[in-house]
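**Q** Just so you know, the protein sequences line up as chains A and B, in that order. Per my numbering, the very first residue in the first sequence carries number 1107; after that it's consecutive. Per my numbering, the very first residue in the second sequence carries number 5; after that it's consecutive.
Heads up, some of the hints might be wrong.
[As the list claims (entries may be wrong)] Under the rule of at most 16 Å between Cα atoms (straight-line distance), these lysine to aspartate or glutamate pairs were calculated in the EDC-like manner:
1) A/1398 to B/146
2) A/1433 to B/259
3) B/190 to A/1363
4) A/1221 to B/228
5) B/267 to A/1309
6) A/1221 to B/146
7) A/1291 to A/1191
8) B/258 to A/1432
9) B/258 to A/1422
10) A/1433 to B/256
11) B/267 to B/251
12) A/1261 to B/228
13) B/266 to B/243
14) A/1261 to A/1237
15) B/155 to A/1309
16) B/24 to B/146
17) B/190 to A/1237
18) B/266 to A/1416
19) B/258 to A/1425
20) B/209 to B/131
21) A/1261 to A/1199
22) A/1219 to B/146
What the hints contain is simulated information worked out from the structure, not anything from laboratory work.
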Amino acid sequence: MIMNNVVVWAEHRDNKLVPVSLELINKAKELAGRIQGDVAAILTGHQCGHLAEILIHHGASRVFLMEDPRLVFYQSDLYPKLIADLLTALSPEIVLIGGTSIGADLSPRIAAKMKTGLTAHCVNLYIENIDGRNQLIQVVPGWSGNMLIKIICPKRRPQMATVRPGVMEAGAPDLSRSGDIIPIKPEISDQEIKARTIEFVREAPEDVSLTDAGIIVSGGFGLGSAGGFTLIQELAAVIHGEVAGTRPAFDRGWIPESKMIGQSGKTVKPRLFISIGASGATHYTTGFLKSKTIVAIDRNPRAPIFGVADLGIVGDFREIVPCLLEKLKQDIEKKLSEEKEINHV
Amino acid sequence: MPLNIVVCIKQVPDPEFFDKITLDSSTGTIQRNAVPVITNPLDRHALEEALRIREKFGGSVTAVTMGPLQARKSLDDALAMGADRGVLLCDQTFAGADTLATACVLSGGIRFLGPFDLIICGNETADGATAQVPAQLAEMLDTPHVTSVRKIDLSEDGSKALVERMVEDGFLRVELVLPAVIAVLKNINTYRLPTVMGIMEASGKEILELHCPACESVGIDLGDLGSRGSPTRFAGIFEAQQVRTVEMISGEPKDIVVTLIKKLHHLDAL
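One chain only, chain A, in its complex shape (with noise of 0.2 Å):
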């Protein structure tokens, strides 16, 4: 048994790996080729051993497929129980668990099993040779400014950490790799069963229109109140964007969980990134960076969100926002009114 292994928890949803899976796989073969171990993944549910190959494709030296049909939907008591008893019988160096709603149960759940230590909502994961042991650094953001936190966990093993969904980059698969799918056989005592989940509703598809987004436009505490939102929201529909908020704004209720930028929200990527009213803390600002360009409108010069920015406005956005609306207005009907002439011709 290779000890160096770094073990994924692979979640899949509608016959599908979750995107966030393939990023953390992607993650940990990196990881493990630092310290000269391997990635193995591991599938719980009721056929979804063809996921397996999926996983081997992007990484996974080995599969554990643990299939059962009492593990179709997600079990809050029997998922922990049987991947901590299988994660010590693996006794891995590192668990990665994708920042999901399922993950983000389950994963505290065997740390606790396991007496380990666990991180949330990590923004990078290296490895770095600490009094002679290698220990996997899990960065999340500091409260100050632009800083951000190493946490190690030095003692205990597997070190574990979850990640948010497109954090990370999911590499491309190479159709040549080959590994082993190893199955498992569950071990399940119905009467141990105390917590049953025991249908799923699908209400309405994952909003994922944050992450396909061209352009973002995204307000803070500093709008003042949902109305603030009003104008946020005039803005986006003008230029084409989405909306969406900082967590004192979905903590207020002025945007829906799904909206929520940063560490513990999303994390996109958009040709434009407008941030309006918010200080930035890095909570927020990590769940942006990677944006293409970036604008912040605050009234506080001195705020951090402007270090990160590439084109910062230091005002009230009670009155940027309006005269910019009417800017854009103006040109879109001048280009209209051209638009107009040349068919005229």
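With chain A fixed as given, assemble chain B onto it according to the hints.
**A** For chain B alone, kept in the frame of chain A given last:
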């Protein structure tokens, strides 16, 4: 059947002042002296849900928090909202706890208080937002757990809960045998505000302070608490690489927007 409910609450820095929080770069500890504290907003939803269950089934609601003496303020708020008693888990040994060590202290306090039927938590706190403590607490109390809950229905005899647990594209319906730990989302309810009467009544209610011996008496190893019991460690702080140089646009708003639009077109951003 009356239910004994525990609600876990946490005092957090007010999100309105997050930009005032700084870090001590030598220890990685958060310096938040200048920042006012509030009860974690989601925990108020947790408390509200507990109060509604008590109104229907009878029983008691105990608000539990781990923190310094100042955290009594959050317990006062909970009592004013209608909790029957508050419990402050306060000890130097508890300091520096990560989520695992925090869950351990909470489990010790809750075991010390005696049998309970239901533990309700906010799904996450506004400061760390790790959402890890509820599931870890359940593991230490050896109960089932469910997080991201937006609806709780209890069976008439109070032995089971049927909950709706949100996922990215819908929800899971989960049946739990009590006692259980349930972590709730903000859309589960609209919480009540304390009334003047509530505040007056609160002053007559008990806040119990528990320390290390309470945890030890229920079999918790002191080595599992605080920074000693925390598997994770702070390992340094660094400044994010600055890859952009900001160009400030100043002037009158109407001139600013003209420049901005021109530049955005030039960058192919609009």
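**Q** Could you run down the list of hints and mark each one as holding or not?
**A** Hint by hint, here is what the structure shows:
no., hint, verdict
1, A/1398 to B/146, "48 Å, violated"
2, A/1433 to B/259, "10 Å, holds"
3, B/190 to A/1363, "10 Å, holds"
4, A/1221 to B/228, "10 Å, holds"
5, B/267 to A/1309, "42 Å, violated"
6, A/1221 to B/146, "14 Å, holds"
7, A/1291 to A/1191, "12 Å, holds"
8, B/258 to A/1432, "9 Å, holds"
9, B/258 to A/1422, "13 Å, holds"
10, A/1433 to B/256, "14 Å, holds"
11, B/267 to B/251, "11 Å, holds"
12, A/1261 to B/228, "14 Å, holds"
13, B/266 to B/243, "32 Å, violated"
14, A/1261 to A/1237, "12 Å, holds"
15, B/155 to A/1309, "15 Å, holds"
16, B/24 to B/146, "39 Å, violated"
17, B/190 to A/1237, "44 Å, violated"
18, B/266 to A/1416, "14 Å, holds"
19, B/258 to A/1425, "9 Å, holds"
20, B/209 to B/131, "29 Å, violated"
21, A/1261 to A/1199, "11 Å, holds"
22, A/1219 to B/146, "10 Å, holds"
Hint violations for this structure: numbers 1, 5, 13, 16, 17, 20, all remaining hints satisfied.
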